[in-house]
Amino acid sequence: GAGVSQSPSNKVTEKGKDVELRCDPISGHTALYWYRQRLGQGLEFLIYFQGNSAPDKSGLPSDRFSAERTGESVSTLTIQRTQQEDSAVYLCASSPGGANTIYFGEGSWLTVV
Amino acid sequence: TQLLEQSPQFLSIQEGENLTVYCNSSSVFSSLQWYRQEPGEGPVLLVTVVTGGEVKKLKRLTFQFGDARKDSSLHITAAQPGDTGLYLCAGRRPGGTSYGKLTFGQGTILTVHP
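From first to last, the protein sequence lines stand for chains A and B.
Residues 903 to 1015 (my numbering) are what the first sequence spells out, left to right.
Residues 330 to 443 (my numbering) are what the second sequence spells out, left to right.
Check the hints yourself; a few may be wrong.
Far from chain B, some chain A residues (derived; all Cβ distances over 12 Å) [as the list claims (entries may be wrong)]:
(1) V914
(2) T915
(3) R924
(4) L934
(5) Q939
(6) R940
(7) D958
(8) S964
(9) D965
(10) T978
(11) R983
(12) Q985
(13) Q986
(14) S989
(15) T1013
Only part of the chain B face toward chain A is listed, based on derived beta-carbon distances under 10 Å [what the hints assert, rightly or not]:
(16) P372
(17) L374
(18) L390
(19) T391
(20) C418
What follows is a list of derived Cβ distance ranges for each label pair [stated by the list, open to error]:
(21) A/G942 with B/T391: 22 to 28 Å
(22) A/Q982 with B/G369: 26 to 32 Å
(23) B/T406 with A/T915: 42 to 48 Å
(24) B/F339 with A/S989: 19 to 25 Å
(25) A/K919 with B/G382: 49 to 55 Å
(26) A/Q986 with B/V384: 43 to 49 Å
(27) A/K913 with B/G411: 44 to 50 Å
(28) A/T932 with B/A407: 38 to 44 Å
(29) B/V384 with A/R983: 45 to 51 Å
(30) A/E987 with B/K386: 36 to 42 Å
(31) B/N347 with A/R940: 26 to 32 Å
(32) B/N353 with A/S989: 26 to 32 Å
Worth flagging that the hints you see were computed from the coordinates, not collected in a lab.
If you're wondering where the values come from, they're calculated on a predicted model, not measured in any experiment.
Don't be surprised by glycine CBs; every beta carbon is placed ideally from N, CA and C.
Here chain B stands alone, though its shape is the one from the complex:
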């Protein structure tokens, strides 16, 4: 059972287009993180959202945490080839004693063509 459903699984777009990746669950998370992973490397943290309804912006990336803290989205404006990679959402369940015990979505492979 996948606790975090990420969609779409694959996304292939042209440079300059906008895109949104979704991360949905029926479970509540105390926080949700987004990571980017390139081939042969480990995931790198992009952002952490904690409060329901929270919106965070990181240059051309906008992250939103749902009001009920069950879902999140990542929106990229004017995508560039350098944005190509695997994007992963990861949630921390309430009451956990370990900050690093995360439940990951299956990932979205983004390819931005020049």
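Pulled out of the complex, with its shape left as it was, chain A reads as follows:
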């Protein structure tokens, strides 16, 4: 597709389980970002990838959160031992390197029960 694609679009999981969220960026975009949006809130930066490297992980809230990117393409955000406060929409965005505009996917809505 032409845009940023995220899966799953919705995920309900039990507290304590691990979840993986996937992002397919726009083809050729070297920069990839993960953000979290809690209900009624703005977006919180989580992590930034340039190629397969993550020069900025400063927004990851705890060591339960990790992310990787392979082939300068797909990225996976993993949340271990999920907690109820992890419930949010997780948004992925990508951009060409050095560009001012980033393009967001539709997000993965995570609910931890």
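Using the hints, position chain B against chain A.
Just chain B, lined up with the frame of chain A:
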């Protein structure tokens, strides 16, 4: 601590009215962006302002960046129901190496009634 304070948080108006949304900070930003987000979708960029005092117009939308690059406003003239959505401001801190690392305000939910 919210670096970007957006106000009002909710705005409910009638079609044809004018409105202004404010985005304020005590910090300087190298640029500031405004996004619009509809339910179930990601934010979509409306505009980027870079220079202090800059004013940009996009049809019925007017965006302004404060002289000190600490605040911004979005003004909509003659609002229409299609303007309904969540409006977000987002700033890029000076010296950052990542263009996409943004600090977002908490958003303004705008509802325009026919």
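Handout entry: Violated hints, by number in ascending order, as checked against the structure
Key = 4, 5, 6, 7, 18, 19, 27
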